[in-house]
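Chemist: Protein chains in written order, with this note's numbering: chain Z, 12 to 121; chain U, 670 to 759.
Just so you know, these hints were derived from the structure itself, not from any lab. Treat the hints with caution; some may be incorrect.
In the SDA-like style, the derived pairs of lysine to any residue whose C-alpha atoms are separated by at most 25 Å in a straight line are [unchecked claim]:
#: 1; chain 1: Z; residue 1: K78; chain 2: U; residue 2: T753
#: 2; chain 1: U; residue 1: K694; chain 2: Z; residue 2: L32
#: 3; chain 1: Z; residue 1: K78; chain 2: U; residue 2: I732
#: 4; chain 1: U; residue 1: K694; chain 2: Z; residue 2: K78
#: 5; chain 1: Z; residue 1: K53; chain 2: U; residue 2: T682
#: 6; chain 1: U; residue 1: K694; chain 2: U; residue 2: T712
#: 7; chain 1: Z; residue 1: K53; chain 2: U; residue 2: I742
#: 8; chain 1: Z; residue 1: K53; chain 2: U; residue 2: K694
#: 9; chain 1: Z; residue 1: K53; chain 2: U; residue 2: F686
#: 10; chain 1: U; residue 1: K694; chain 2: U; residue 2: T753
#: 11; chain 1: Z; residue 1: K78; chain 2: U; residue 2: D731
#: 12; chain 1: Z; residue 1: K53; chain 2: U; residue 2: L751
#: 13; chain 1: Z; residue 1: K53; chain 2: U; residue 2: V679
#: 14; chain 1: Z; residue 1: K107; chain 2: Z; residue 2: A46
#: 15; chain 1: Z; residue 1: K53; chain 2: U; residue 2: Y736
#: 16; chain 1: Z; residue 1: K107; chain 2: U; residue 2: A678
#: 17; chain 1: Z; residue 1: K78; chain 2: U; residue 2: L751
#: 18; chain 1: Z; residue 1: K53; chain 2: U; residue 2: A678
For clarity, every value in this text was computed on a predicted model and none was experimentally measured.
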Amino acid sequence: MADIQDIIAVIMVSAGAFFMLIGGIGIIRLPDFFARTHAIGKNDTLGIMLILGGLAVHVGFSLISVKLVIALLFVGLTNPTASHALAQSAIVSGLKPWFRGDEPDSGGEA
Amino acid sequence: MATPFTIMAVILTVIIFIPLYRVVKGPTLWDRMLGAGAIGSKTMVLICIIGVLYDRMDMFVDIALAYAALNFISVIAIARYLNTARPKNG
Chain Z
12 MADIQDIIAV IMVSAGAFFM LIGGIGIIRL PDFFARTHAI GKNDTLGIML
62 ILGGLAVHVG FSLISVKLVI ALLFVGLTNP TASHALAQSA IVSGLKPWFR
112 GDEPDSGGEA
Chain U
670 MATPFTIMAV ILTVIIFIPL YRVVKGPTLW DRMLGAGAIG SKTMVLICII
720 GVLYDRMDMF VDIALAYAAL NFISVIAIAR YLNTARPKNG
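Please work from the sequences and hints to get the whole structure.
Modeler: Below you can see the structure in the form of structure tokens.
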């Protein structure tokens, strides 16, 4: 039982680190601020939720795992909300989105 | 059993440094804030893994929850602060 628990925990934590690495590559490679919010708002959220779920599987059912699940749900709610708030603030302030054929980061001077 | 989590903590420490590139180089203010928020949320996960390594999850989970709440509130506050049309922004 404990072996299966640890194997599932290590697999989930490794998958979460993989998704967070993909999100880090996305925040460097994507051409525009509005495109970069995808890398943070979706990819990083999935990575963080997978890692916290893996830790909750590792510690077993107790008060600590309940707190970890609460932290998981909190991050799943708040990380896309923060990205959306930043994107809304940018588009209200007049930042132009990137279109195909433009230079990367060409909207910065708007 | 602590060995895979030690490796994961080292890998996460390397991954945390990736958005720092966007914080330093980002052309707009929102790019920097997005990178800072990403660093904060990844640090919260690293705090949880450090709790597993030290075998003190009961303390470190509370610290991580408080850290996540502070990170969220700071990003929302700065987004609300920047939410006005200005002639020039840097």
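Chemist: The structure should be examined with respect to each hint, and the outcome stated for every one.
Modeler: Hint-by-hint comparison with the structure:
no., hint, result
1, K78(Z) x T753(U), "violated (37 Å)"
2, K694(U) x L32(Z), "holds (19 Å)"
3, K78(Z) x I732(U), "holds (11 Å)"
4, K694(U) x K78(Z), "violated (36 Å)"
5, K53(Z) x T682(U), "holds (20 Å)"
6, K694(U) x T712(U), "holds (21 Å)"
7, K53(Z) x I742(U), "holds (19 Å)"
8, K53(Z) x K694(U), "holds (22 Å)"
9, K53(Z) x F686(U), "holds (19 Å)"
10, K694(U) x T753(U), "holds (23 Å)"
11, K78(Z) x D731(U), "holds (8 Å)"
12, K53(Z) x L751(U), "holds (23 Å)"
13, K53(Z) x V679(U), "holds (23 Å)"
14, K107(Z) x A46(Z), "holds (12 Å)"
15, K53(Z) x Y736(U), "holds (20 Å)"
16, K107(Z) x A678(U), "violated (38 Å)"
17, K78(Z) x L751(U), "violated (33 Å)"
18, K53(Z) x A678(U), "holds (22 Å)"
In the structure shown, a violation is registered for the earlier hints numbered 1, 4, 16 and 17, in ascending order.
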